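Full structure from sequences and hints, please.
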Amino acid sequence: MKTFLLISVLLGLALGGDVIELTDDSFKSEAARHDLMLVQFFTAWCGHCKKLAPEYEKAATVLKSNDPPVPLAKIDCAEKGIETCGDYGVSDFPSMKIFRNGKLSSEYQGARKADSIVSWMKKQAEPMAKKVDDVWSLQKILDSSHQPVVAGFFTKDGKEKENLVEAAPDLFTHYRVVYSLSEEVNEEFGYFDAVVLFRPAYLRNKYEGNEVEMSGAITKTNIEKFVGQNGMGLCGHMTPLNVDLFRKPLVVVYYEVDFLKNPAGTNYWRNRVMRVAQNYRDEGLTFAIAWKAQFEDVLGSLGISSQTEISVVAWQHGEKFKMEEAFSVTTLDTFVKKFLAGELKPYIKSEDVPEFNDGPCQGRFNSCHLFPQVVVGSTFNDIVKDDTKDVLIEFYAPWCGQCKAMEAKYTLLGEKLKDVEHVVIAKMDITANDAPVEYAVIGIPTIYWAPMGSKSAPKKYQGGREVNDFLEFIKRESTLPVDVGEKKKSTTDEFIIRMLVEDVLYGREKQI
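For the sequence shown, the positions run -16 to -1, 1 to 496 when mature numbering (1 follows the signal peptide of the UniProt record, and there is no 0) is used.
It is worth saying that the hints were derived from the structure and are not from the lab. All figures in this text were calculated on a predicted structure; none of them were measured in a lab. Even glycine gets a Cβ: it sits at the ideal position worked out from N, Cα and C. Be aware that a few hints might be false.
Think about it this way: if two alpha-carbon atoms lie no more than 16 Å apart in a straight line, the pair counts; the simulated EDC-like pairs of lysine to aspartate or glutamate are [to be verified]:
1) K81 with D154
2) K115 with D141
3) K204 with E150
4) K81 with E91
5) K114 with D154
6) K42 with D99
7) K64 with D8
8) K81 with E5
9) K443 with D371
10) K329 with E308
11) K35 with D99
12) K204 with D177
13) K48 with D2
Derived DEER-like restraints, expressed as beta-carbon distance ranges [said to hold, decoys possible]:
14) K459 with K48: 55 to 61 Å
15) K444 with K190: 48 to 54 Å
16) K209 with V466: 47 to 53 Å
17) T203 with G31: 42 to 48 Å
18) G200 with E293: 39 to 45 Å
19) K443 with I66: 20 to 26 Å
20) G200 with V466: 55 to 61 Å
Right, here's the structure in full:
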């Protein structure tokens, strides 16, 4: 028995002791002690966090032995790390962030598996700006890199080189950054005191040059701006890890993109996209191709079947536009022209409009939306953006426990305000409907107050979730006076509200 207990303790130390546990009190000092550290922001009740935990522990053990060691840490956003999580705006769990010398460097964007975490962090531990001393070394990097290469060619070890080195941490995740002080290298490539962006070999094409030289002074700001404008080229390869690099307005063509197994087929369609893209170089429009299997959720939310061979979607100002026609150079060019001219109708994901949305209860209870008023994507503008009404709208999800806990109270709020004509209490399932970009939903539930005259700048509700909390807020913020009388409700009204509360609490479905 003693032997068994000893083995259990040792296993516990080996498997569970390599992740540093942080608190609000220790976070800053511990993060500042390390040149590089990965921090997981989690909560004990988060299912994805529980699934990540053993993978994170495995990665921590491996990276502890790396040269140099890379520490992995975690902080509980619901217990001893509430303040720190708030400081970094953490709302989704788990979130993983990379810190360098105590300062936030970048978001972890890899998979939540031990080998992916190890691979990602080992790369982060490499020199962010690599010095190359000969032509062969630089050419090898240019030929093998799957990322664009930002190269500095300098005649002296001075301020311009330092500016590139300072820019490297912001570029490092998606670009290789190298520099040379070698006269031989400079002469071979024909650049002197210059910063040049080289496209990865697999994306080189006949429609644009393989390299772009930066113009203007070599400052950190100019380097970052130059790379941001040129990094993805005429038609870049979008993946889930580099989505944020593609500036909007953006046109994405989704198909079977596989440069490894089918480079000919992949480039066949990419070349046709670039035939169109080259005509819009000066329009501020970005083009990309993407493997549709990696974006199934995105395409599914747009009503696009996974069986569709080629799909085209344009993105701008939070709106999405689908190309309905079959793909060809001609149809793509026509689509782009209409997109830029503002002639396309945005796609809005929407449930069907509820059969009963206000007034007395009729039919089945689950189909009877007495209070609050149910909003779907196609009715959002008609209900929420009605400028004759002040609207309180809750964005919820069917699986959200907090939403379920609040539902009966929110329903009673609607009942109390049913006779106030200029106030609407509404709700929308954000998992099944699109909301305008100004109604951004970060956490669930999210509640907005959209008064008359401020429909494009709604106010996020931050108050309590009791009926009286909502009432006091509405009385204070309402455009017109709100009089909530205490008149006696009818027996039928009382019965309906009571039954609704019971349905919410006990999950029952009734006929009324």
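Here's how the hints hold up against the structure:
The hinted pair formed by K81 and D154 meets the criterion: a straight-line CA distance of about 14 Å does not exceed 16 Å. As the CA atoms of K115 and D141 are separated by approximately 11 Å, the hinted pair is consistent with the 16 Å bound. Only pairs whose Cα atoms come within 16 Å are accepted, and K204 paired with E150 is accepted, the gap being roughly 7 Å. Pair hint K81 plus E91 holds up; C-alpha atoms about 5 Å apart against a cutoff of 16 Å.
As the CA atoms of K114 and D154 are separated by approximately 15 Å, the hinted pair is consistent with the 16 Å bound. For the suggested pair K42 and D99, the alpha carbons sit about 9 Å apart, so the restraint of at most 16 Å is met. Our distance criterion of 16 Å between C-alpha atoms is met by K64 and D8, whose separation comes to about 6 Å. A C-alpha spacing of about 15 Å is found between K81 and E5, which places the hinted pair at or below 16 Å, so the restraint holds.
Under the criterion of a C-alpha separation no larger than 16 Å, the hint pairing K443 with D371 is consistent with the structure, at around 15 Å. Between K329 and E308 the alpha-carbon distance is near 11 Å, which keeps this suggested pair within the 16 Å criterion. Note on K35 and D99: the hinted pairing holds, with a Cα-Cα distance of about 15 Å set against a maximum of 16 Å. A hinted pair counts as satisfied when its Cα atoms are at most 16 Å apart, and K204 with D177 qualifies at roughly 14 Å.
Note on K48 and D2: the hinted pairing holds, with a Cα-Cα distance of about 7 Å set against a maximum of 16 Å. The supplied range of 55 to 61 Å is met by K459 and K48, whose beta-carbon atoms lie about 58 Å from each other. Restraint check, K444 to K190: a C-beta distance of roughly 50 Å satisfies the suggested window 48 to 54 Å. Take K209 and V466: their Cβ atoms lie about 50 Å apart, and the range 47 to 53 Å holds.
For the pair T203 and G31, the beta carbons lie near 46 Å from each other, so the given range of 42 to 48 Å is met. Evaluation of the 39 to 45 Å hint for G200 and E293 yields a pass: the beta carbon distance comes to about 43 Å. Taken as a hint, the range 20 to 26 Å holds for the pair K443 and I66, whose Cβ atoms sit roughly 24 Å apart. Between G200 and V466 the beta carbon distance is about 58 Å. The supplied range of 55 to 61 Å therefore holds.
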